[in-house]
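*Asks:* So you can see what is in the structure, the chains are spelled out below.
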Amino acid sequence: MADYVLIESRDPFEYSDTGYFYEVAADLSKAGNNVTFFLVQNGVLTARKGISNSAVDKLQKAAPNVKVLADEFSLRERAIIGGKLASGVASSDVDELVDLLAVSGVKAIWH
Amino acid sequence: MTTSGEKSITIALMDPPYESGTTTTALRIMDAALRKGISVNVFAYEGAVNLTMRGQAPHPNPVKGTSIEEQDHPSTAKFIAGLFTLGADSPKLEWVNCGLCVDERGAGECIDGPRRGGPGDLFKFSQESTNTLIIGTR
Amino acid sequence: MPGILSIVERAYHGTIEEQDDTILWLSHMIKNAGGDVSVLLRSNAVNYAVKGQDASGLSIGGVALGIPPTLDNDVVALSTAGVTVYVVEEDLSDRGIGNDELCDGVTKVKRSGLAKLFDDHDAVWHW
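These protein sequence lines are chains A, B and C, in that order. For reference, each letter of the first sequence is one residue, going 1 to 111 in my numbering. For reference, each letter of the second sequence is one residue, going 1001 to 1138 in my numbering. For reference, each letter of the third sequence is one residue, going 2001 to 2127 in my numbering.
To be clear, the hints were calculated from the coordinates, so they are not data collected in a lab. Treat the hints with care, since some could be wrong.
Short, incomplete list of chain A residues facing chain B, as computed with Cβ under 8 Å [unchecked claim]:
#, residue
1, Ser9
2, Val40
3, Gln41
4, Val94
5, Asp95
6, Leu97
7, Val98
8, Leu101
9, Ala102
10, Val103
11, Ser104
12, Val106
13, Ala108
14, Trp110
For glycine and all other residues, C-beta sits at the position ideal for the given N, C-alpha and C.
The following block holds chain A by itself, in its conformation from the complex (with noise of 0.2 Å):
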């Protein structure tokens, strides 16, 4: 089992392949990893309640162990705010981010 930190900063809107990252966050909970969801930047639209075809909805349901957490910046920065922000997403930071990352053997990847 490992710790892994996927970082989705791409969107399902302008990019079609966000797909497969959500799918391999939820393949690697399934397969008993411990998985972070950080989203960031125009990620994080994917993170406002009321979406359609929502990722994150379909990444909870798939996999309820992945924590997913949103960068606190970009969601005010998008006006993603008080109760915009989607159920079973934490809203965090880039602090929080370097805490995670900085661990020996945890596998972070950046899409």
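Chain A is fixed; fit chains B and C onto it per the hints.
*Replies:* Frame of chain A, contents of chains B and C only:
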């Protein structure tokens, strides 16, 4: 380079200045790491070698009618100079610009701090760091 | 017939440039220079029309970004300057953005109406 027992992160990045949020996020990660006492090694590849060009200059904003002073808008080189201040000793910021990429882009005049290198530096950084984050371009 | 339809679809270029978003800025400059320009926000750029965007507080290496982008204000400023700013209705709803979240001065257009919008302009600049 860090000594044994100290934490360090290696980051490779490729985007040129002002094109993508990725540059800003990478700089924020470096800033957070250095503030936490974690050393940072950067390998700037392709367009990212332009991030540290010495000649970057602010300008007024004619749409908003603001002067250079009123805008007070830091360049990427100025942000990175600030990172070098944070990472002057311990924690340490090391920044390598890909030399061939610099030559291709005529980007040789950079701020104090970065040095010229190549992919071998990235490999060495990755071998000696706590962790490595590769940030590609798109 | 209006002159130029400037289409903005790629959004959020990194926060740290004065002219962020560069195409909103350029469109405003063209308007100021006497150009007849409309702006169409589609894809992720529809988020530029959402009220309450806040990119303050950015500081890197002790260097602060004192004047962050205020893209919703830039959209309003474009509209105030006489630039018609369209937003694609389905691109809003796909992203869960409701009418109550939109800033003033934007005009919604359906995807099915884009061909007519293109046709109604002399030139289409698709950035």
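*Asks:* A separate judgement is required for each hint: does it hold in the structure or not?
*Replies:* These are the hints, each one checked on the structure:
| no. | hint | verdict |
| --- | --- | --- |
| 1 | Ser9 | holds (6 Å) |
| 2 | Val40 | holds (6 Å) |
| 3 | Gln41 | holds (4 Å) |
| 4 | Val94 | holds (5 Å) |
| 5 | Asp95 | holds (5 Å) |
| 6 | Leu97 | holds (7 Å) |
| 7 | Val98 | holds (5 Å) |
| 8 | Leu101 | holds (5 Å) |
| 9 | Ala102 | holds (5 Å) |
| 10 | Val103 | holds (7 Å) |
| 11 | Ser104 | holds (5 Å) |
| 12 | Val106 | holds (6 Å) |
| 13 | Ala108 | holds (5 Å) |
| 14 | Trp110 | holds (5 Å) |
Violated hints are absent here; each numbered hint is respected by the structure.
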